[in-house]
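The listed protein sequences correspond, in order, to chains Y and B. So for the first sequence, the numbering used here puts the first residue at 1; every next one is plus one. So for the second sequence, the numbering used here puts the first residue at 1001; every next one is plus one.
Do not rely on the hints blindly, as some may be mistaken.
Said to hold, decoys possible - In silico SDA-like links for lysine to any residue, alpha-carbon gap of 20 Å or less: (1) B:K1266 / Y:D50; (2) B:K1146 / B:A1206; (3) B:K1037 / Y:S116; (4) B:K1067 / B:A1050; (5) Y:K157 / Y:I109; (6) B:K1266 / Y:W52; (7) Y:K3 / B:V1005; (8) Y:K3 / B:R1004; (9) B:K1263 / B:K1037; (10) B:K1266 / Y:R86; (11) Y:K15 / Y:K92; (12) B:K1070 / B:L1197; (13) Y:K131 / B:E1003.
What the hints assert, rightly or not - Pairwise CB distance ranges, derived in the manner of DEER restraints: (14) B:A1050 / Y:H113: 18 to 26 Å; (15) B:S1256 / Y:K136: 33 to 41 Å; (16) Y:I398 / B:F1255: 49 to 57 Å; (17) B:L1248 / Y:H113: 43 to 51 Å; (18) Y:D141 / B:F1018: 33 to 41 Å; (19) B:I1060 / Y:G24: 50 to 58 Å; (20) B:F1018 / Y:S160: 39 to 47 Å.
Source of the hints: derived by calculation from the structure; they are not laboratory data. Please read all numbers here as calculations on a predicted model, not as lab measurements. We put the CB at the ideal spot given by N, CA and C, even for glycine.
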Amino acid sequence: MSKPIAIRVNNLHKKFLRNRHRSGTLREAITESTKRFLEMNRMGSAQLEDFWALRGLSFEITQGEVVGIIGRNGAGKSTLLKILARISPPTKGEIDIEGRLASMLEVGIGFHHDLSGRDNVFINAALMGMKQREVKARIDDIVEFAGLTEFIDTPMKRYSTGMIARLGFAILAHIEADILLVDEVLSVGDADFQRRSFEKMEEKTKEGKTVIFVSHQLAAMRKLCNRCIYLEEGRIARQGNPDQVIDYYLGQVDQAERSATNYQASKDEPVYFSYLGLATEQSQIKFTDEILIRGNIRVNQRLSNIQVCMAMLDRYGERVFSSIRNLEEPMLFPGNEIPFEVTIPRSIIAPNHYSFLFQLYLPPGVDMFDEVAGVLPVRIVDTGTQLAQYENHGRVIIPCEWEMGNQNV
Amino acid sequence: MKERVSIRPVRRLWQVDFRELYSYRELLYILAYRDLKVRYSQTYIGVLWAVINPVLTIVILHFAFGKVAKVETGEIPHIVFTIAGLAGWMYFANVASQSGAAVLGAQDLIKKIYFPRLLLPMSKAITALIDFGVIILCLIAIMLIKGYPPSPNIVFLPFWLLLIILVALGSGLWISAMTIRYRDFLHLIPLILRIGLFITPIAFPAALIPDNLSFVLYLNPLAGIVEGARWSVVGGAMPGPYWISAALLAIGLFFSGLYIFQKMEKEAADVI
Chain Y
1 MSKPIAIRVN NLHKKFLRNR HRSGTLREAI TESTKRFLEM NRMGSAQLED
51 FWALRGLSFE ITQGEVVGII GRNGAGKSTL LKILARISPP TKGEIDIEGR
101 LASMLEVGIG FHHDLSGRDN VFINAALMGM KQREVKARID DIVEFAGLTE
151 FIDTPMKRYS TGMIARLGFA ILAHIEADIL LVDEVLSVGD ADFQRRSFEK
201 MEEKTKEGKT VIFVSHQLAA MRKLCNRCIY LEEGRIARQG NPDQVIDYYL
251 GQVDQAERSA TNYQASKDEP VYFSYLGLAT EQSQIKFTDE ILIRGNIRVN
301 QRLSNIQVCM AMLDRYGERV FSSIRNLEEP MLFPGNEIPF EVTIPRSIIA
351 PNHYSFLFQL YLPPGVDMFD EVAGVLPVRI VDTGTQLAQY ENHGRVIIPC
401 EWEMGNQNV
Chain B
1001 MKERVSIRPV RRLWQVDFRE LYSYRELLYI LAYRDLKVRY SQTYIGVLWA
1051 VINPVLTIVI LHFAFGKVAK VETGEIPHIV FTIAGLAGWM YFANVASQSG
1101 AAVLGAQDLI KKIYFPRLLL PMSKAITALI DFGVIILCLI AIMLIKGYPP
1151 SPNIVFLPFW LLLIILVALG SGLWISAMTI RYRDFLHLIP LILRIGLFIT
1201 PIAFPAALIP DNLSFVLYLN PLAGIVEGAR WSVVGGAMPG PYWISAALLA
1251 IGLFFSGLYI FQKMEKEAAD VI
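Extracted from the complex, chain B is given alone in its bound form (with noise of 0.2 Å):
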């Protein structure tokens, strides 16, 4: 069966052709390992940072909630709770932060060859995965070393993971979108994840805000995600029907980000 191709004027308003997509994942793996390769060939800066970063985190959030405010986590440990916490965010703050600067970096590409632009954000979505497993992996070490094993909960770590790929992925579209029409938008970047990563129940329990403001936390989608992938690694309290809102609004952003970022690619290589 021949290859057959039709160019038409962008006129539909949905157009994100999944089919395309699937023909292409040979080149999205490739896109991954590419970002993985050059990640660790980069001499050892790279990969301290890969590390330290999240190490840091994990002390300063431990320190500042665990020790100063001596925030309470019933029986699970302190910086159990934090690092279980942080594993979700971690891997939202990467794809989130990495999409639009993946996007801008690629500028020569998207000038020069044709391919569905959406496998940037998504590349990065995969390589993210990495540090995420990574995260995991230490946390059971921790755990085990503290001698308090893993949840049987967490075989639903999985769904959760999918909640947050959709949140991290949606949020990473719109911020390539908006990369793409506004050069100067992924400055704000850091400045949203700071905040972000006090907002986010990551070293404190949703439990600690008051019940008449707690759907404030809740409208933020990471809250519930992140608590409901801590309850599958730590066990605790089922996470509360906030993980519906959660989802809803994951599955929200996910497409809206597609809508946009599809709206926005096709301008990208006719910006003189």
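Looking at chain Y on its own, in the form it has when it is part of the complex (with noise of 0.2 Å):
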């Protein structure tokens, strides 16, 4: 007989509003709406900003699986943990589980430096999930291991960082549940009190408890899982063994990094790119390039009139900028294949990583009918001019006229 299953995921989709056109303030939205009144302009971007952070997974864990999660930045992990952890709804698709399961994605939720440790205890764990009878029995447990015994009735603002983040942690190890999810929290503290926090994890393991991990520390999850996950723009891109599926994602960052990857597809959508690419062989750019891209948009049924956005994103899926084309009525004809050609001007991007995001939708914002996001990895390179100061120092480098020690100014 097989184990019995601790969480069952059907189909989980996610779409997020990024940076939505809806305003966020009283002042905002009366200004806002009062323009649109009056120059009865419709052209909302509301839909242009959709994102779908989640796009189908489907997966089981049984019971005291040890299942890793790994993927580059906003490939989906953090989304899927919140929405396994309920703090934020699904889109579309049903997750199942069974048993009590704890989420720790934060150490120290709901600490208050007014109160004392002992307080925060109570309140944090609480927060967590945990029964008033649970903790008073474990309190002194966590105390101790936390190493805290001497100052748990202080108020918290006495304690330094480091002693807060073993308090959380502490918190956290001795939570009673049958699923655990983790979010980094192996990383807090020093040396000494990591080593004993992944002694913990590896107890709770041993114990049976199922366990969903997501960690940019690839080695601790070659050590901890049974399983690793990798996901890829919301989709799971490969699963199984451990070892290989990190060297797989280990090899796809390198390839990433090197030669130029290509974007191809075939689509039941009303419109949407069948093709994208660099003119280049190489992902690596020289800063005093341009970038030249070339595509290939595939109409399938007649439109009048739709916008074509593509933006550039950088390493944390945020947009350096985007640009945006309308494409006529002549061209959208069934069967018809549209070549285009975007060209970014040298000199401006600064070296970095960066990728794109296309999209096709109807300027009312009503549909969106493609959308791929994150690919075209390039590398923008410096050529051994100044400038390669600038790569952490902001995405575009503009030319900017100084006039420093000019008694005359």
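Assembly of the complex is requested from the two constituent chains, each provided in isolation within its own frame, with the hints serving as guidance.
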């Protein structure tokens, strides 16, 4: 008989409204709507900012499994954890969880520095879903594990950050749950505390707890996990033996940095990108060179007017800039394949890693026909000029005029 | 019996899960306890403010309505009349003004852990009960000193308190929901409360308002409730039939607040 299922995820989707058109304050909302009313301008750009963080994840985790989730930034790891932790609702799909789940997305949630360590243990543990009775039974162990026996009744504002983190982790380590969701919490405290935390996690896995892990510490993953899931653009790219999946992942990261990867697709959408690629063989592009992108848009249905958007994304998936073009009727007939070229001017994008986002949508924000995010990874390299130093100083380089020390100014 | 959780997209219109709320009752008490503990650990100013604010309000209202305008309150001393009216109002004002701030202040919690978000305004409704109790006790003390013992109607006080809680929590939920949506909504609250303080019959009897206008006064559910609560402590004339509309408004406010709050809370963690 196979082991019982702890978590079953079926066809999970999550859509975010990024940088939403909706206003965050009443003042903005009032000025916005007045403006729109006066201009009769209904060109909402809300749909433009739809972003699918998860696109149909399905997997099962059996009881006692330790599963690591890896992937590049923006691949959907944290989104998946947040949905499993019920912080954010899914857009589509189902999840069934058997057993008590404790989410450990951060240490020391709800800590208040005016209160004593003891009070904070009770508050934090209650937020983590522990019953008061359980906390009372464990508080001595928690305090001892954190090494704070003498300080537990002092207000937390007298604690060092290390002490706070230790107390936070100590609570997490003593939570009674069947399933643990863990996000980078192993990296708190000093080396000695980290070693003990690691041992504690190992202990949990040996006790037969189901653990889901998200971490950038691949070495720890190799040691702890029975299985790894590699996410790419909100889908499972590969899963299985941790060593194999992690090696594959590292290979992917390497490859993305070296050779240009082009995008090809065939879809059932009214209109979609069938090809996207860099004009160069290499994904390394000199700062002083233009970036030339070629693509094809395939039309399946007659449409009157759509917009094409290309955006450059930085390593964290944030937009560096966007460029939008209209596509008009005469070209939008079924069966047509529209080639296009985009040139990004030279000497503007700061040396770093980037990728691209392409979208096809209806202007009033009704329909998103196609969205391809994180494709065409490029690395802008500096060619030995003094601009290399800009790598971590913003995403664009604007030539500014400086005048310094001139007494006549 | 093992716990079992199913996570589904938000579809249903009404999804306030009272069973879940009940299972989180311990956390509710802990959150309320945390508020109180923080308030009383933060120097004396926090505590002092909790005293100064009602005392000052009472003094101003008593001076303006009792001494200057010389409002007639029958055999009930005006100061007693005012405090009895203010107790319910203060409870309402506390909950209404703190609920939105509680939700906004808990942004970190909301983004990091799941718990029914309703607990945040609800915990304010609990802590404000303590201030309410203190005012009522002070009122009874003053009444005894003035030789004016509390009315036996006081057995009905819990009923009026329940209505006050419904109005306060209902408004608190509305304000929290609006605060999630518009972060600057909170700035409007002090203004609304200041107006409310004067259009609610706290320091003057509702009977002062001409009959043909009194229905306007009673559109404010607190008007009928404040009068009822006062009647139950100090006695006097029975509240008129307007208490029924006040009760209906209170219930409506509470449930519409629940509805709008649960609709907005889903967005709270997703706004990037």
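Right, here's what the structure says about each hint:
1. Straight-line distance between C-alpha atoms of K1266 of chain B and D50 of chain Y comes to about 17 Å, which keeps the hinted pair within the 20 Å bound.
2. Our distance criterion of 20 Å between C-alpha atoms is broken by K1146 of chain B and A1206 of chain B, whose separation comes to about 24 Å.
3. A C-alpha spacing of about 10 Å is found between K1037 of chain B and S116 of chain Y, which places the hinted pair at or below 20 Å, so the restraint holds.
4. A distance of roughly 25 Å separates the Cα atoms of K1067 of chain B and A1050 of chain B; the hinted pair therefore is violated under the 20 Å criterion.
5. Only pairs whose Cα atoms come within 20 Å are accepted, and K157 of chain Y paired with I109 of chain Y is accepted, the gap being roughly 15 Å.
6. Restraint check for K1266 of chain B and W52 of chain Y: satisfied, since their Cα atoms lie roughly 17 Å apart, inside the 20 Å limit.
7. For the proposed pair K3 of chain Y and V1005 of chain B, the alpha carbon gap of about 19 Å is at most 20 Å, so the pair holds.
8. About 17 Å separates the Cα atoms of K3 of chain Y and R1004 of chain B, which keeps this hinted pair within 20 Å; it holds.
9. Annotation: proposed proximity of K1263 of chain B to K1037 of chain B is violated, straight-line Cα distance about 31 Å (limit 20 Å).
10. Using a Cα cut-off of 20 Å, the hinted pair K1266 of chain B and R86 of chain Y holds, with the two alpha carbons roughly 10 Å apart.
11. Between the alpha carbons of K15 of chain Y and K92 of chain Y the distance comes to roughly 9 Å, so the proposed pair stays at or under 20 Å and holds.
12. Our distance criterion of 20 Å between C-alpha atoms is met by K1070 of chain B and L1197 of chain B, whose separation comes to about 18 Å.
13. With a CA separation close to 14 Å, the supplied pair K131 of chain Y and E1003 of chain B stays within the 20 Å bound.
14. Between A1050 of chain B and H113 of chain Y the beta carbons are some 21 Å apart, a value that agrees with the proposed interval 18 to 26 Å.
15. Checking the proposed 33 to 41 Å range against S1256 of chain B and K136 of chain Y shows it holds: the Cβ atoms sit about 40 Å from each other.
16. Remark: the range hint 49 to 57 Å for I398 of chain Y to F1255 of chain B is upheld by a beta-carbon distance near 55 Å.
17. In this structure, L1248 of chain B and H113 of chain Y meet the distance hint of 43 to 51 Å, their C-beta atoms being roughly 45 Å apart.
18. One distance hint, 33 to 41 Å for the beta-carbon pair D141 of chain Y and F1018 of chain B, holds here, with the actual separation near 35 Å.
19. I1060 of chain B and G24 of chain Y have their C-beta atoms about 36 Å apart, which leaves the hinted 50 to 58 Å range violated.
20. Taken as a hint, the range 39 to 47 Å holds for the pair F1018 of chain B and S160 of chain Y, whose Cβ atoms sit roughly 43 Å apart.
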